[in-house]
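K.L.:
Dock chains V, G and E against chain L, hints included.
Number of protein chains: 4
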Amino acid sequence: MNTIYEECIKACIECMEACNHCYDSCLKEEDVSMMAGCIRLDRECADICALAIKSMQSNSPFAKQICQLCADICEACGNECKKHEHDHCQKCAEACFRCAEECHKLAA
Amino acid sequence: MNTIYEECIKACIECMEACNHCYDSCLKEEDVSMMAGCIRLDRECADICALAIKSMQSNSPFAKQICQLCADICEACGNECKKHEHDHCQKCAEACFRCAEECHKLAA
Amino acid sequence: MNTIYEECIKACIECMEACNHCYDSCLKEEDVSMMAGCIRLDRECADICALAIKSMQSNSPFAKQICQLCADICEACGNECKKHEHDHCQKCAEACFRCAEECHKLAA
Amino acid sequence: MNTIYEECIKACIECMEACNHCYDSCLKEEDVSMMAGCIRLDRECADICALAIKSMQSNSPFAKQICQLCADICEACGNECKKHEHDHCQKCAEACFRCAEECHKLAA
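Residue numbers (the UniProt record's numbering), protein chains in the order written: chain L, 1 to 108; chain V, 1 to 108; chain G, 1 to 108; chain E, 1 to 108.
One thing to keep in mind: the hints can contain errors.
It does not matter which identical chain is used: a pair holds within one copy or between any two.
Restricting the straight-line Cα-Cα distance to at most 25 Å, the calculated cross-link-like pairs of lysine-lysine (DSS-like) are [what the hints assert, rightly or not]:
hint, residue 1, residue 2
1, LYS105, LYS28
2, LYS10, LYS91
3, LYS64, LYS28
4, LYS10, LYS82
5, LYS105, LYS91
6, LYS83, LYS28
7, LYS105, LYS82
I should point out that these hints are in silico values taken from the structure, not numbers from a laboratory.
Extracted from the complex, chain L is given alone in its bound form (with noise of 0.2 Å):
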């Protein structure tokens, strides 16, 4: 596999995971309204980071502008995530800051 893009592919995969988790867990929370807005951003978070991962797994010559679009979006998840207290969400957004360093540096 290209090596260039071996860290970025996992801080991907873990955010993927970090997210369809908390996504999850906050469809099981209590009040899940006050948790609509980290569902909504968890799952498009997840899937711009599988659409990423594909990407670069198979050379696509777009893996850079796909990473670019999925670091924004981790951002935005990231941000959503943190405002929270639960232990996913708090994990979650560290996972999305994580990846979206290394898809800037990546998308660079």
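P.N.:
Frame of chain L, contents of chains V, G and E only:
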């Protein structure tokens, strides 16, 4: 395109649209907690419809199996949606049941 | 559904179908080697169209950015497809350029 | 995260990576025509692995059914890949069979 798939692709496209719209609308309802099951199944259903469409449009050797699974998920989503009085839920239920029927026919 | 997206969703659905069909047809051509670039871009283009459709149908806050990226990939795919004389490639190129135009309009 | 899924998610992630890499490598081989079946199944397999991962990570009520389908597609992809001597095909076949095994276990 392979014409045996035509009706089923059409039903999947309509179901995917109804589910994505219902998903968005549920997240904006006042009582999101009541809609948690609907949100989750709308997402599952929109995603499997998208995969079924891709598999039929590209003549996948697994198109029938994917449509069989799509039928099951459409039925589950339709059953959840029809419990709720919101217009977007009722319309989504209809689209889900119609899609389940077409997918069953194709998979048979 | 959000009507500002109507034309763009329609163009994306037609482009996705044309790309998936072209992908399948290219894999069945006698000289697959000549079609390698087309196969790759058909896949990329069908996948980003699917994401753009989902983002518009669910009112994603990133719909415009996703459509901007979709426009770029559609143009690249259209430029590759129009080099080939096969009917499926020529039709795919047309669908790609029309979709690129609608996505550009939306993203503007 | 739900730990009953841990091994299966790991196998799906490795299989998805092997399939995406094999897909890219097949498109760059001298004789692409011979690789057409492999290219097609690599794509199918990478896509269903991605869906299986998402379903397990988000505790989908359909995770088992999706993994059952994933197992079938992994086996078909592994059987095609193992016919070819390229290193990327042999490695992909291994990852596919390992993933099929984990998915079967989970779906049982």
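K.L.:
Treating 25 Å as the Cα threshold, decide for LYS10 and LYS91: within, between, both or neither.
P.N.:
both (16 Å within a copy, 20 Å between copies)
K.L.:
Have a look at LYS105 and LYS82 and pick one of within, between, both or neither, based on CA distance no larger than 25 Å.
P.N.:
Close inside one copy (22 Å), not across copies (34 Å); limit 25 Å.
K.L.:
Taking 25 Å as the upper bound on the Cα-Cα distance, should LYS83 and LYS28 be classified as within, between, both, or neither?
P.N.:
both (18 Å within a copy, 19 Å between copies)
K.L.:
One pair to classify: LYS105 and LYS28, alpha carbons no more than 25 Å apart. Within, between, both, or neither?
P.N.:
This pair counts as neither: shortest intra-copy Cα distance 35 Å, inter-copy 27 Å.
K.L.:
I want to check one pair: LYS105 and LYS91. Are their C-alpha atoms no more than 25 Å apart within a copy, between two copies, both, or neither?
P.N.:
within (22 Å within a copy, 30 Å between copies)
K.L.:
With identical chains, the pair LYS10 and LYS82 could be close in the same copy or across copies; at 25 Å between alpha carbons, which is it: within, between, both, or neither?
P.N.:
within (21 Å within a copy, 27 Å between copies)
K.L.:
Tell me, please, which holds for LYS64 and LYS28 at an alpha-carbon limit of 25 Å: within, between, both or neither?
P.N.:
Classified as between; 20 Å across copies, 35 Å inside a copy.
In this structure, only the earlier hint numbered 1 is contradicted, and the remaining ones agree with it.
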